[in-house]
Each structure stands twice: as C-alpha cells, then as structure tokens.
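Peer 1: Work out the full structure: start from the sequences and follow the hints.
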Amino acid sequence: MTNEALQNLISSWIPELEFTEEGSQFLNITVQPEQLHQLMSQLKTNSETSFDYLFCLSGVDWGKELGVVYHLESTTHRHIVVVKVQTEDRENPTLDTVSNLWLTADFHECEVFDFFGIIFNNHPNLKRLFLTEDWDGFPLRKDYVDEINMVIK
Amino acid sequence: MDTNIATSNLKSEDYFINMGPQHPATHGVLRLLLTIDGEIIKKVEPDLGYIHRSIEKMCERDSYQQIVHLTDRMDYLSSHINNEAVCLTVENALQLEIPERVKVIRTIIGELTRIASHTLWWGVMGMDVGALTTYFYGFRDRELINDIFEETCGARLTMNYNIPGGLMFDIHPNFVKRTKEFIAHFKTKLPEYDRLLTGNVIFQKRMKGVGILTKEDAISFGASGPVGRGSGYSCDVRKHHPYSALDKVTFKEVLRTEGDSLARYEVRIQEMWESMSIIEQLIDNIPEGDVQVATNAVIKLPKGEFYQKVETARGELGVYVISTGTKNPYRLKFRSPGFSNLSLLNHIAVGGKIGDLVASMATLDIVVPDIDR
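Residue numbers (the working numbering), protein chains in the order written: chain L, 1 to 153; chain E, 1 to 373.
Hints in this document: simulated from the structure, not taken from any laboratory.
No experiment lies behind these values; they were computed from the predicted model shown.
Careful: at least some of the hints might be erroneous.
List of simulated lysine-lysine pairs, DSS-like, C-alpha gap at most 27 Å [unchecked claim]:
1. E:Lys303 <-> L:Lys64
2. L:Lys84 <-> E:Lys57
3. L:Lys142 <-> E:Lys327
4. L:Lys44 <-> E:Lys239
5. L:Lys84 <-> E:Lys327
6. L:Lys142 <-> L:Lys84
7. L:Lys64 <-> E:Lys300
In silico negatives: residues of chain E with every beta carbon more than 10 Å from chain L [claimed, not checked]:
8. Pro24
9. Asp170
10. His172
11. Arg178
12. Phe186
13. Lys208
14. Asn285
15. Val358
Where a beta carbon is used, it is the ideal one built from N, C-alpha and C, also for glycine.
Peer 2: Right under this line is the structure:
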C-alpha cells in the first residue's frame, strides 16, 4: 500500500492522528497516549495493513516530552510506518504496553523503562533489564548527570 | 519396599539454578536464571548488563566518524557490516554518490565477514554439544579470512575499514588473489563440515525437533537472520532492502520450515555456500575508481530522522538516527539482532531439558556485546 492510501485508511479509524513524511523516509504517525493501544491493535489485526513485524522500538527524550517510537513493517504487504507517542509527564510517564500484540515488545519495553523510566501499563514483567535494581535515575534521559562516570565534552 | 507409599509422601518443588555469567555455553558474560523441575526447564530468565557500555549514550556525544568505531565493539564478529550500517546511514542522509568500487568491496568483505562468523559459530556449536574437533576445524578456516582482513584493513577483528564516504584506503594488491585462494580452499573444506558433524547420529538426535519456533512466533518475537529463516520466515534484508552491491548479484535466500535447532544449523551452513557464490560473482569485476568521496571534516546531518537496516551474520541490524542538524546525533538507537533473538530463548527452551537449552542457545548464535550494547 502506498503511504497516501495508508494515511487515508488509518485516519478513517481515528481522526485525531497527525501524519507527516517530512524529514523521514517513512510515513510518521503521531498518536495521543490514550489512543495508542487502539491504533496499534488495529494496525496489527486489520488485514489491509497487517503490521506484524515490530522491527524497532526506541525510547526518545525530546527535551520536554518523553516518548516511544515504533517502527512497523508488514511481512505480507512489505509497507512500513512509524508511530510516535509522547507524554509530557516526566515525573511519572506512563504509556500502554504493546507486548500483548508483538512479543518482542516485552524485552524492548523493559529496555526503555531501564533507560528512560517510562512505565508501561499491563506489561507482564516490567523490570530493570541491564542496570541494577537500585540504580538512581535513567541514563539516556537528556537531564541525567553522573559526574563520576560520564565524560562531558 | 512399597514404592507407592514413598511416592505419595514426596513433594516436588521448583528449583533455581544459575547458568553463567561465567559459563562456557553462554559465550560471554550472559547470566541465565533457570527455574527447573528436576531436569525439565520451567522458565529461563536472562539477566543482562554485565558488559553494557551504553554505546547509545556515547553516540550522542561523538561525531559520526567516531561512532563508526564504536559499532564494531557491538557484534564483534560482524564488525565490518556494523561499520557499513552507520556509514550507509550517514551517506544516505547526506545524499552522497558512493563509487561503485566502494560498494563492491564493501559487499565482498561483508560476505567474507559472514563466512568468518559462521565458521566460528560452527566450531563452538559443535563444542557446545560435545564435539571438540569442530572447534579446531572452524578456527583453522576462519584464520585464513582474518589474514586477508589483516592485510587489507590492518586489523583482524575490529576492522574499521569503512568511513562515511567510502573506505579508509584501497584494497591490498594481494586481496583478489588471496580471496580466490580462500574460496577454492573453503569449497573443499565445507563438505567436510557436513561429513564431520551434520550427518552424525548423536548430533542429529540432539538437534532434531529441539527448540521449535513457529513462523508466527518468529515474526512476533522480531527474530531475524538464520533464526527467522530456520522457521520459514523470509527476513533477509539483503533480499528485501538491498544495499551496496547486493542488488547486482543473484543468490538464494536459504529457508527451512521445520523451525527446530537443526533447521537453524542447516540455514547457516547453506548460507556459507551462498556467500561464496556472491563473492565469486564480484571478485573478478571490481570496478576501477576512487575508494572515497570527500566529506567535510565535521559531518553534520540535515535535520530529520534516518533509518538504515543491514543483514549482519546474526540478522537485522537497524540504525535509527534523530538529527537536529548538529555534528552529533540527538538520539541514536541500534536495533540489534541478538537482543530480539535472545528474547525468544525462554519460549523455545521451556519444557525441554538443560542439555537441550545449551543446544538451542548455540543455534541462536548469541554474541553478548551485541545484546549489551
């Protein structure tokens, strides 16, 4: 499916989505946290989109907002979209899990929790994956400071 | 003795056992926390981070030329292909026209890297299931590739031969001759691998029907490389998103449908034949020309997001760059194949024995620095 056709189809499900292709080789969709799970579940189960392969799940700190970027590909139709979700709450950032849709999200969401402190609702086993349980702070956030171990240029 | 009374009074209880972090079968510092009932595995929980260096955070501080050097410390057995991934991302973002000579040389060395990685895997795979001889056979042949690399790139493992814009320097005058000699040599040695291990009855019994992964689960777990293709999932990045000179060669994507350990094993063996065929198609026709195009001393990517995927020896490596137009990436994420492949270990090991876990894990071909980026 072309990006235009994808955009028309997906916006018919949820009208509030924002679409852009600027500065990226893929179609980017920005979704509100409340609608994240609904969108993702439709992207996966709808036979016209059938995005069954979540090939990259990255946490991002945009300075003010924290969020997650999902790269999705369909192994039958071979089209790609990027879904972005942001939350402004830096104290207690919470998003819905997608690990019930793609099993790979289980580990990747633990990684995002470990480095960005984003909590995923309904995740089966959310824990620090790389760092120790008592680690203070979330290292990949832009405001993280570790004067002893970080070399700042 | 009445055995009925004895059994009725016995209770079974779950038992926890640590495998690693220093265990020969975990190939590096990976710790697995096993929950077992007798010999039967009920749960496998990987505990990661023993060698995490936070490469992604370092990338936010470094220039793009410096980032290339960090990547061959991830999956050190695919170091050339990792370097290539970052270079391709930068070159595509800057819309640089890369000389054909560079593309062909990158592809040849990439496929040599794949053979070197698979021979090492084959050696330790045999060792994991108790066949020590394979280790020496595998390392003997890998050594010849490392010699070729040493002559051309100056290093045997972490090669750093790619730079954004091309190659560090031209290939050594002996490169073509020695590569051809290696291919001729390895064509006589690869059938030996099959005679020594593949057909062995004990080996077959350890592998067949063990650690089964279905195609649906492979896709859902984000499996890639030989792990995905052993389950019949067509996931070769070289086929679906060709890069460098891979669109000019013909090769077969090796697929097996069984999804067990033996299928993943056979995929890797067949892949070595395919890699040799790719090299043979290119080695006599390396185009003349420059080996690099000029870039600015300080590379600044335009504002935007860039994604590049390549097929390493382990599967799909993705490089996701968010740039704000400065000399450092704002955020750089490596989607490493080993991390996704490890996440399915629990799924394929539960219900089996500890010995089967070792065999299944060997066919996932885990390199721990790739997981602990």
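Peer 1: Run every hint past the structure and note whether it holds.
Peer 2: Each hint, compared with the structure:
Under the criterion of a C-alpha separation no larger than 27 Å, the hint pairing E:Lys303 with L:Lys64 is consistent with the structure, at around 18 Å. For the hint pairing L:Lys84 with E:Lys57, the CA-to-CA distance comes to about 21 Å; that is within 27 Å, so the pair holds. Between L:Lys142 and E:Lys327 the alpha-carbon distance is near 17 Å, which keeps this suggested pair within the 27 Å criterion. At roughly 24 Å between alpha-carbon atoms, L:Lys44 and E:Lys239 fall within 27 Å of each other, so this suggested pair holds.
Simply put, L:Lys84 and E:Lys327 have alpha-carbon atoms about 24 Å apart, close enough for the 27 Å limit, and the pair holds. Pair hint L:Lys142 plus L:Lys84 holds up; C-alpha atoms about 18 Å apart against a cutoff of 27 Å. Distance hint between L:Lys64 and E:Lys300 is fulfilled; the C-alpha atoms sit about 24 Å from each other, no more than 27 Å. With 10 Å as the threshold on Cβ separation, the claim that E:Pro24 sits away from chain L holds: the shortest Cβ distance comes to roughly 23 Å.
Non-interface status of E:Asp170 relative to chain L is upheld: no Cβ of that chain comes within 10 Å, the nearest being about 31 Å off. Residue-level check passed: E:His172 sits 36 Å from the nearest beta carbon of chain L, beyond 10 Å. For E:Arg178, the requirement that its beta carbon stay farther than 10 Å from each beta carbon of chain L is met, with the minimum near 37 Å. Residue placement check: E:Phe186 keeps its beta carbon more than 10 Å from all beta carbons of chain L (closest about 32 Å).
Here E:Lys208 stays apart from chain L, with its beta-carbon at least about 25 Å from theirs, past the 10 Å limit. The claim that E:Asn285 is not at the interface with chain L holds, since no C-beta of that chain comes within 10 Å of its own (minimum 30 Å). Once the 10 Å rule is applied to beta carbons, E:Val358 is consistent with being away from chain L; the minimum gap is 21 Å.
No hint from the list above goes unmet by this structure.
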